[in-house]
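Generate the whole structure from the sequences, applying the supplied hints.
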Amino acid sequence: MGLTRKSTGIYTFLEEFHTDSSGYQAIIALAGNPNTGKSTVFNGLTGLNQHTGNWPGKTVTLAKGFYQHKGKQIALVDLPGTYSLLAQSVEEQVARDFICFGEPDAVVVVTDATCLERNLNLTLQIMEITSQVVMCLNLMDEAKRKNIHIDHEKLAKLLGIPIVPTAARSKEGLNALKDAIDQTVSGGKRLRPKTVCYDQELETTLAELTSDFSSTFSSRINSRWLALRLLDSDFTMVKQILRYINKTGNNLPSSSEEGLDL
Amino acid sequence: MNIMSTDRLITKIRMLRERIGPNLRDRVVSSIYQHAEKISRNVVQKNEFKQDLDICIDNIATSRIFGLPLMLLLLSGILWLTITGANYPSQLLAKLFFGIEDQLTVFFRFLNAPDWLHGLLVLGIYRTLAWVVSVMLPPMAIFFPLFTFCEDLGYLPRVAFNLDHFFKKAGAHGKQVLTMCMGFGCNAAGVIACRIIESPRERLIAILTNNFVPCNGRFPTLFAMAAIFIGTLVNNSHNLTASLFVTGVIILGIMITLLVSWILSKSLLKGIPSSFTLELPPYRLPKIGSLLVRSVIDRTIFVLIRAVIVAIPAGAFTWIFANIHVGGITLIDLFASWLQDFGRLIGLDGYIIVAFILGLPANEIVLPILIMSYLSQGAMLELDSITALRDLLLSNGWTWLTALNMSLFSLLHFPCATTLLTIHKETQSTKWSLLAALIPTGVAIIVCFLITQVAHFFKLV
Chain A
1 MGLTRKSTGI YTFLEEFHTD SSGYQAIIAL AGNPNTGKST VFNGLTGLNQ HTGNWPGKTV
61 TLAKGFYQHK GKQIALVDLP GTYSLLAQSV EEQVARDFIC FGEPDAVVVV TDATCLERNL
121 NLTLQIMEIT SQVVMCLNLM DEAKRKNIHI DHEKLAKLLG IPIVPTAARS KEGLNALKDA
181 IDQTVSGGKR LRPKTVCYDQ ELETTLAELT SDFSSTFSSR INSRWLALRL LDSDFTMVKQ
241 ILRYINKTGN NLPSSSEEGL DL
Chain B
263 MNIMSTDRLI TKIRMLRERI GPNLRDRVVS SIYQHAEKIS RNVVQKNEFK QDLDICIDNI
323 ATSRIFGLPL MLLLLSGILW LTITGANYPS QLLAKLFFGI EDQLTVFFRF LNAPDWLHGL
383 LVLGIYRTLA WVVSVMLPPM AIFFPLFTFC EDLGYLPRVA FNLDHFFKKA GAHGKQVLTM
443 CMGFGCNAAG VIACRIIESP RERLIAILTN NFVPCNGRFP TLFAMAAIFI GTLVNNSHNL
503 TASLFVTGVI ILGIMITLLV SWILSKSLLK GIPSSFTLEL PPYRLPKIGS LLVRSVIDRT
563 IFVLIRAVIV AIPAGAFTWI FANIHVGGIT LIDLFASWLQ DFGRLIGLDG YIIVAFILGL
623 PANEIVLPIL IMSYLSQGAM LELDSITALR DLLLSNGWTW LTALNMSLFS LLHFPCATTL
683 LTIHKETQST KWSLLAALIP TGVAIIVCFL ITQVAHFFKL V
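Order-wise, the sequence lines are chains A and B.
FYI, in this note's numbering the residues of the first sequence are 1 to 262.
FYI, in this note's numbering the residues of the second sequence are 263 to 723.
Please note that a few of the clues may not be correct.
[Claimed, not checked] The calculated label-pair distances, taken between Cβ atoms and stated as ranges, are: (1) B:S536 <-> A:V196: 23 to 29 Å; (2) B:K528 <-> A:G47: 46 to 52 Å; (3) A:E203 <-> B:L700: 54 to 60 Å; (4) B:I327 <-> A:K154: 56 to 62 Å.
Derived from the structure by calculation, the hints contain no laboratory data.
Glycine included, C-beta positions come from ideal geometry on N, C-alpha and C.
Structural data, given as structure tokens:
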């Protein structure tokens, strides 16, 4: 509700990119379109008072908090709201970089039940990066008011990820969400998200590139997604991918970055 | 194991790219969209038979005819409520605090404390604090919950929608309005919020002009000027005049934002405004309880505490400054007299300029420092009510023109230190950070100079 102490003044400096994972059993990233109530879910789970407001683009930095569930300490990172992970604005980069390189143990996608279709675009993109995705189908109260019905069980089957309907403003469904996160993190069920299939030519190209480096990179980033990004002319992204791979010990020649005017 | 060198990988990527052609991004995006559509068709059932209330409200709130007037009405309404509502509690607090001051004086006499200690602690620090709390607390406690209500309701994107047209004409981005709304809370937060603007050119414009919306720390100064000076010009409708004055100051800030944005986009930051889609979120009725708690604790008390914390050393510093004599003249008088001619030229005085310079760490403390330096000059008035503050200012040669220029200078001058540091962090450039301080200061000086000269020319003061 309104700006909080932590979102103004000197505190604006205190955002960092990497989360200190010591002391936590898992790090969870909270992603979603703008204005789906991500910050409300964040506050509901952590009991913190992150600035919430009814307008898109209010969270542009990473907010962090934690909660305890079933004896586990879980760290939660609230990402800026984005419509996609392909675009170029700084806040979208912040979100994408964290999902790719911040190594969260799971990503919770908060979606707006009143306009699911638009929200699915981001969900599908995140599912391409990581299989550890849980959907929090938020604003169910508003959907009910607007007479919109969603078959969430069928949706879970179509996407291949757990889906938890919630109404975060009245804290409905948040416990179920914690349970679903717990199950995903502890790996009780191996998730097999059903990602988008591209056209024939693109798929064969991807397969060709993927086979080349899947044996080389032991990174946690999905190799199919990596191949797709390397083919797409996003220069900053390619640079970051290489920096990340260098850092995680897959030693590539450091001259690599110069050779990359793609 | 098949270790591929990076160079080979890059050659391969180049080759594959040529094969699949240039429109990869479009193919990927359209596949994702089609897939999303298919799934959503499968699971979503919509029965929209009733006309949406949101749409009805938006037909008025964002209409060409009613949009702008409604916005102004809402703004001045909020300000009127703030000023009217703050009046009585302010007087009550002032009475309470100065009652305590008398007791403190008695206590110090009882202890046989030396005069300088009583001067520093009671007449210096305590008195300044008493003013800060009684002038700043009540308006903030009313204004911030009201503003937060509009924010949580979902009205702010509508404001952006209504003003988009103007910003496009100024060569700036429509989302700049949202960053300005954030600036109403805190300019440092507003500068960070500029990240929502994709184009670097428009983002810089938004960063450089964010300071032209008054933040938490400057609102109290505006309210104080309005309530104790401007409002009393017209006797009958005192609060109405005061609230219209503050509304006018804010509108002027927006107009200056547009003007400076326009000049920047025609000179240093040339370019065409990019288009964007802005989602108008549904109206949501805020939860009043938590809204009150949050806006009072996180905004009101926070700003107040910061003012108090910075005002204590600043108050002591100013008092000492004002009591150290160099060649028969106090240090503060010395500095003020250097700046006096310049201050006069823009309708202020040397002390006000000193207060703004010393207030660089936080805008909240400009007024306290000023009160402090006036008080320390030995003109010991009996300050026991809110009107006494007015008398203090009057006895230091203030007129309505000084109050007006004080408000405008506060609105337009250089951003506080935190905001400047944030700008440096966001732009990674010393040049733009310097410009972020110089442009507003230049504008403030020009505006105040023009107003003063015009007023003198027509012999209005």
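Discussion item. Hint by hint, where does the structure go against what was stated? Just the numbers, ascending.
Written reply: 4
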